[in-house]
Every structure is written in structure tokens, then in C-alpha cells.
Amino acid sequence: MSLRQKLLLVALCTLALPVAGWLYVRQMETLLREGQAQALVASARAMARSLVVVDAPLPPAGPAWYVERTPVPITVDGYADDWASLSPWAQSFGRNTKVMLAEDDRWLYFYADVRAPQRHRADAGDRLVLSADHLIISIASGEDAQRYLLASAAPGPTTAIALDADAGVLPDRINAQWQEDGSGFHVEFRLPRGLRLDRFGLGVHIAADGDNEPLSADSRPLLDFSAALSQELSRLAPDGVRVRMLSPDAWLMAQSGKLALPDLPAAERPGWFASLVYRSLLATRLDDDSAWAEDAPRVDLPEVREALQGKPATAWRAGEARGSVVLAAAMPVTVRGRMHGVVLLEQPSRAVPLLANRALFGLLLTSFAVLLVAGGVLLLFATRLTFRLRRLRNAAERAQANDGRLDGPFPLTDATDELGDLARSFARLFEVVGGYTDYLRTLASKLSHELNTPLAIVKSSLDNLDHAGLPPEAEPYLARARDGVARLGALVRAMSEASRMERAIAAAEAEDVDLADIVRGCAEGYRALAGDRRLETELPGEPVPMHVSPELIAQALDKLFDNALSFTPPGGWLRIALRPTAEGADITLSNQGPPLPAAMQGRLFDSLVSLRDKATPGDAPHLGLGLYVVRLVAERHQGTASARNVDDGVAFTLHLKGMPRQRLG
Amino acid sequence: MARSIAIVEDEPLIRANYVEALNRFGYETRGYGSRSEASNAFAMRLPELVIIDIGLGDEPEGGFDLCRELRAKSATLPIIFLTARDSDFDVISGLRLGADDYLSKDTSLHQLAARIAALFRRIESLKTPAASETVIEHGPLKLESERMRVLWNGIEIPLTVTEFWMVHTLVRFPGHVKNRDQLMREAELVVDDATITSHIKRIRKKFVALAPDFDAIETVHGVGYRWTP
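Here the protein sequences come in this chain order: A and B. Using our numbering, the letters of the first sequence map in sequence onto residues 1 to 665. Using our numbering, the letters of the second sequence map in sequence onto residues 666 to 894.
Just so you know, these hints were derived from the structure itself, not from any lab. A hint or two may mislead.
[Claimed, not checked] With a straight-line Cα cutoff of 20 Å, these simulated EDC-like cross-link-like pairs (lysine to aspartate or glutamate) come out:
#  : chain 1 : residue 1 : chain 2 : residue 2
1  : B       : Lys870    : A       : Glu511
2  : B       : Lys866    : A       : Asp300
3  : B       : Lys866    : A       : Asp512
4  : A       : Lys446    : B       : Asp723
5  : A       : Lys258    : A       : Asp198
6  : B       : Lys866    : A       : Glu418
7  : A       : Lys446    : B       : Glu853
8  : B       : Lys870    : A       : Asp123
9  : B       : Lys866    : A       : Glu502
10 : A       : Lys446    : B       : Asp846
Model the full structure from these sequences, guided by the hints.
Structure (C-alpha cells):
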């Protein structure tokens, strides 16, 4: 992983910024909401108190029957078809009975569905009716009250018989429809609204369950949606809030206000993206129950249930309008310690989401910008750092390739930071290495120079000794001494050859020649030297004109040939090939012989590297300069020298491009 | 009377060896250890031939200075340079300094003696009229063996003895390739190939300096050189 990637990874730390901001915005939103909730609870409490104080027609405490307004005409036939729209809000009674009450302009309808798998049938007139399955119905209108017995031995129309004495306006009998199915029976009847019933009681007596009070009925007040109470609510309700009065059973008694929010101008309306952001990042804690939206007669919400326990409660819900929320506060209404219902205040609001959205959006934008800026700055920094490091590395590599010497100053050495320190260390290191390399390079020639004088002394002394009239037995020693001096001289010459060659090569002058001619000439010259070894040439038919120094090329070829010859076994082959290339020409000298060891291939053309076995006594010393000269010649011609193993031998190639032309002038 | 030779050489052992050897060859030889010593002596009397080491004590090119001094005194005095350094061959410009020859200290005393003899012979032959002169002529080239002179279009090319012998070797059989060994043998020189190359180069330069279109010495790569008439 590069430095740049690492720093970019580090830059990801700035991602903590938006997260922290998001948490902060959430916190802020929660605080705002809490404040709003408290305010709404306060107004709900005030409202509950006012309702009591103004003596508003509150629903009675305790259980009651809720009469719904039927949207369709109801036919009294004992079947529940026409009650379908009301059936979700059927009121349970006892263990096995569901009761529905409905009204239209004229009638009050009643429907009961009793589950009684084991039937005991008897008619109302029957003597044993009280021990069979029957219903007791009680109704009251003001002071008047009456009870009726309702039973039927068979499905169809039946009549409920009054049990008590004549009771004013209340009828003596009620016509009802009785229907049965496998699991129980249904009863349906209606009473005129003119009776102004205010209580209704029901007793379900199933013979199979056993019953001690066959005439008992549970009488409860009748409730319905109260326009008067609604009026009262609308007087008290704060602006922009929907107020609903709920009975202790959570039936809707009165309602005032609407949830609708005024439409925002298009510019301020949150877009789908903002809403999405809001919902996904902030609104996760909203209840998405949408019961308030429906026109339900019973508002069975958690906060209402809680309020019915006597505790004020609040809840947040997603609003109908996109991006809005509804705050609901439920407050119990108690009169002298008795629960008369719950005031439910619902406040639709856009302010909080918008504010939060705006804050969140601002935060997102800011942190994104900060992220970009931080990333950009880090990237720039890393790029610069990498660039500097690369310069340093390149300089070091160049210096290393150049035997510790670098043309020009080492980069970055004037920087004040750690990289500058590193560069200075490098520069010092390479200075030392360069000095050492220079010392090594010149050691041989210096040494040979110093050795020349004593060598000349020995040589001239030996020459003089010749004429000193030595006894004949001294002659062999003199000859040996001469031989030794000659070898010493050769050694000394070889030692200084490298620097001499470098100088000569640097001073060489190029001319426009036919390379093929030179190679051909050299090859002809070598033929005599090859002896019994086979020398093949492979030259192009046409001339290969190039700008080279013929002496140097010949010299390099000499070295290569000398080298090749010494490794070629007697009777082996040598091949000189010249191939023009796109940029210049390749001269390859291959020969049969042992392959190059892999470890040596890179260093073969370095100075003082030799593959030969230790020189046999009497041979000229081998200091490994031959191939070094070849390399120098190749480099002088902007080329390279390379060596590789071929099928049964070795091939050395000079890749030449020609010497740069000197400007005339 | 024996010819007088002066040797200016800072190394006493070499100096002694040379002086003794040359005395043995029949010359009257004197050795000098420094430039000032030699200058003083030469102010009194000029020898007939001077052998000078290029590096003299603290003066790495003291020999050159001395040579210049001597040339100012006598235009014809034969001067031979002795060098310890191979690289000096590249430094020396015969044209510039007017030395008659330069030899490395590798050169044996025998070879040195041959050159001295040749130089004296050249001086002698210049004094006598060119009567029995062996002259080789090839186009613009005129080579007088006895006087060891080479003329190109009638202009004398100032070759050293060694260079003259090399040219002589090449010119005697024009068109024949002479390899380096042959050149070395003929020129009484035992040096390595690179030195031969630099000698040839210098010869060419000397010709080109006086005749810019000179190209009679041809390199035969891998073999040697030949004179193309």
C-alpha cells in the first residue's frame, strides 16, 4: 500500500465528524420535541381542567354503550350484513357476546351476536324460558325504565316481553329478529329515537353456562358522538391542534380542529431526498401507527390507554403530509376522582423535521466539504511527500548505479524536516562511498605509477648487470630475474590499464564508417589467431553506416574475441555476427564453451571481475578488465553490452547506437 | 672524443644505472638530479644530447620546462624524454615541445642506446651532403633513410626517431599491412598495443598539421596499419 493510500485511509477519520454531528442533531431534535411535548401536555392539562370547570357535557364515568352513526340503512332481519361497516368496532359483552349499536335519524338499532354452541331453546312465553337461553334487555329514558325478556325456540321474528309494570313511554314489547347458526344466535331489533333512551342494559343468559340470576341485566349509559361537546372543545381548543374527547372506553365523543397543515411554499417544501434523509437518519423513533388518520369511532392508541390509566402521555408519529410529524398528548379528565374520559390533543408540525433537516443537511454538507478538503489536503500532502521520497529514492538509485557518484547536488538536502535529514545522511553516505570507490578505482593506477620507478631501477640494474661480467653460472638467475621483472611490468601495466582505457575511450573521436567493414576486418584478423577453432562470420550484405570510433569498436571486439577464444575448447566454434537494428546495430560474438554462472551475469561487465580460474603460472595476469572495456566502449556509443547463454555456449552482444555527433563549430 | 650526454633524472638509482650504462656504450655521460642543477650546468656547456625525465622532484612537468629552455638555446640539440607514466605519451606533443624522441622507462638500455645512436647518426648525416642517400619516394612523400627525414610535398615533417622508424617500416612496403608486432620490432620499441595506436595517431597528426588532406596511413582493423600510396 502506498503512502498516499495510507494517508487517504487516515483521512477517513474525518468521517467521525458527520457521525458526531448526526448524534448532535438527533439530540437537538429530541430536546426540541421534548419541549414541544411538554407544552402540548400543559395545554392538554389546561383543557382538561377547563372542560371540568365549564361543566361541559362530559361522558359519564365507567363503562357505557357507544352508539355509532350508521352510514347505510339497516334492515332488522337478524343478519349482520348491513352492520358490516360497523363490525370492527363491535363491543364485547361478557365472554361470548358481541354487541353493536347504531342509529340513524329515526331509529336506534341493536344487534347482539351470542356464541352458544349448546343451545336450550324456549319461547319467551314458555314457562321454562328462564332456564333456557334468553336475553334480558333493559332500557331507560329519564325516570322511566323497563326490562324485556327475549327468547326464541326457532329462528325468525320474535317478541321481547316486558317484565316490569307499565313504564310510561317505553313500549310493552319489542319486535326482534332471531337467527341462529351452528355456533350461536343473533338478535336484532330497533327502538325509535323518540324514546330518548339514555341507558341500555343487557343480560345474556345461556342455559349451558348455568345462571343464578336469570333476570339480571347490565345497564350502561348510552354514548354517541356529541355535537355539544364538540362545540365546547372548539371553544377551548388552541390553534393548530386537533382536540378529541374520548370516553373512558376510548370511544370518540367529540372532535374539534383538523390535522391538516397549511401547505408550504414549494421552495420550502422538503424534497423527497430530504424526507428520505430525515426518515432514515432522524425519524427512526417515530411510531408509524396511523390510527389518528382514520375516521375511527374508537381511538385505541398506546398514549390513550396510558392516559386511561390516569397518567398523561405523549407520542410522536409520522404525519400525513410528507416530512411532517404529529405530536399527540393524551390527558385524563377526572371529576372528583372519577375518570370521565381523555382529552387527546394532536399537533401536526413541520417545524421540527424541517429544522432538523436543515441542521442535518447543513451538517452533511459541511462535513462533506470538510471531508473533501481534508482528503484533498492530505492527498496533496501525500503527493508531495511521495514526490519528494521518489526524488530521494531516484537520486539514491542513480548514485548507486553510478558507483556512489551523483551528478549535481543530492536533492532535498536543504529541507528542514526529517526527509532533509535523510537526504543529508544519504548524501554523506554516498560521499563516503563515492570517495571510497574513487580511491579503489584509482588505487590500481596510482599503485602502478608508484611501482614504475622501482621497476625501472630493477630493470636498468639488470641491464647493467649484463655487462658486469657475471660468471656463467649466474646467467640463469639473471634470466629468471628478467623474466620476473617482465611479468611484474605486465602486471603493473594491466593495473593501470583500466584508467588508461577510460581516458582513451573518453578521448576517442567518432567518424562515419561502415560497421560491417570494421567487423569484417577484425574477423579476418582473428582467423589467424583462431587456430583449429572454427570462426564463422555472419555479416549483412549491405553496408551498415554508423557514427562510431572504429578503434574502440575494434578494441572491444579484440577483448571479446580474446575472451571467447580462451573459453572455446580446441576444435570448437566461434561466431561473429553483425545485425543492423532499428536504432543502430548489434555485434554478437558467440562461442562454444561453458555457460555463464547465473550469479555472475549482472556483474560480468564490471571492472575487476573475472570468471577465469586463477592464472596459471607464466600467464599474463587477468584482472577482469576486458569485458569492462567492452562495456565502456558500448556506453561510449550510447549502447549496452550483454551476455547470455546459448545452446552450447555463450553469446556476448554489443548493442550500439552510434556516438553522439559533435556540433560543428 | 666521446660524445657528451646529459641525463636529468631525479631518481638517483635510475640515474646512476643510465649513466653507467651509457658510459659503457662509450659516451661521456653526466647525471643531474634537478632542473636547476641541470640548467646551471647547461649554462656552462651544452652537451650533445640530453635525456630528460618529465617529472623532476617537486615539478611534475619540470622536464617540459627544461626542454623549452634548451630549445631556446639550441634548435638542433637532440632531446629524448623519459617518462614513467604511460599517460605522458598522451600529454607529450612532439610538435609543441620539439623533443626528438620519448621513451617509457620500460624501454631497455639497449633500446635507449639504439635511439641515441640513431640521433647522432641523423645529426652527422645532416652535416654531410646527401650523396649516398637512400631515398624512398612515394607520391608527395620523400623519405631519406640516412638523415631520418620525412618530407611531404617538400615540407619536412618533424618526426621523432621512433615515429620515423614506424613510417619507414610502413613505407618500405606500401600496401602491405604491418601489424603492431612488426612496427614495434622495427621501431626498437617494446610497448603495448595502445601505445602503438597513440604513436600512429600522433604521426597522422603531424602529417595532417602540414597537409590537411593526408590519409596515407590506413588502419586495418584487427590487424595493423598500411601505407596506401
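Straight-line Cα separation of Lys446 (chain A) and Asp723 (chain B) no greater than 20 Å? 17 Å, holds
Measure nothing beyond the straight line between the CA atoms of Lys866 (chain B) and Glu502 (chain A); if it is 20 Å or shorter, mark the hint as holding. 17 Å, holds
For a C-alpha distance cap of 20 Å, please report whether Lys870 (chain B) and Glu511 (chain A) respect it. Measuring from Cα to Cα gives roughly 16 Å; hence the hint holds.
Hint check: Lys446 (chain A) vs Asp846 (chain B), CA-CA at most 20 Å. Holds or violated? Violated, at roughly 28 Å.
Would the hint linking Lys866 (chain B) and Asp512 (chain A) be met if the CA-CA limit is 20 Å? Since the Cα atoms of Lys866 (chain B) and Asp512 (chain A) sit roughly 18 Å apart, the hinted pair holds (cutoff 20 Å).
Run the distance test for Lys870 (chain B) versus Asp123 (chain A): straight-line Cα separation, threshold 20 Å. With Cα atoms ~155 Å apart, Lys870 (chain B) and Asp123 (chain A) exceed 20 Å; violated.
Given the hint that Lys866 (chain B) pairs with Asp300 (chain A), does the C-alpha gap stay at or below 20 Å? 119 Å, violated
Is Lys866 (chain B) close enough to Glu418 (chain A), meaning Cα to Cα at most 20 Å? 55 Å, violated
Proposed proximity, Glu853 (chain B) with Lys446 (chain A) (alpha carbon, max 20 Å): 28 Å, violated
Does Asp198 (chain A) lie within 20 Å of Lys258 (chain A) when you go C-alpha to C-alpha? Given pair Lys258 (chain A), Asp198 (chain A) is violated - Cα atoms ~30 Å apart, limit 20 Å.
Violated hints for the displayed structure, listed by number in ascending order: 2, 5, 6, 7, 8, 10.
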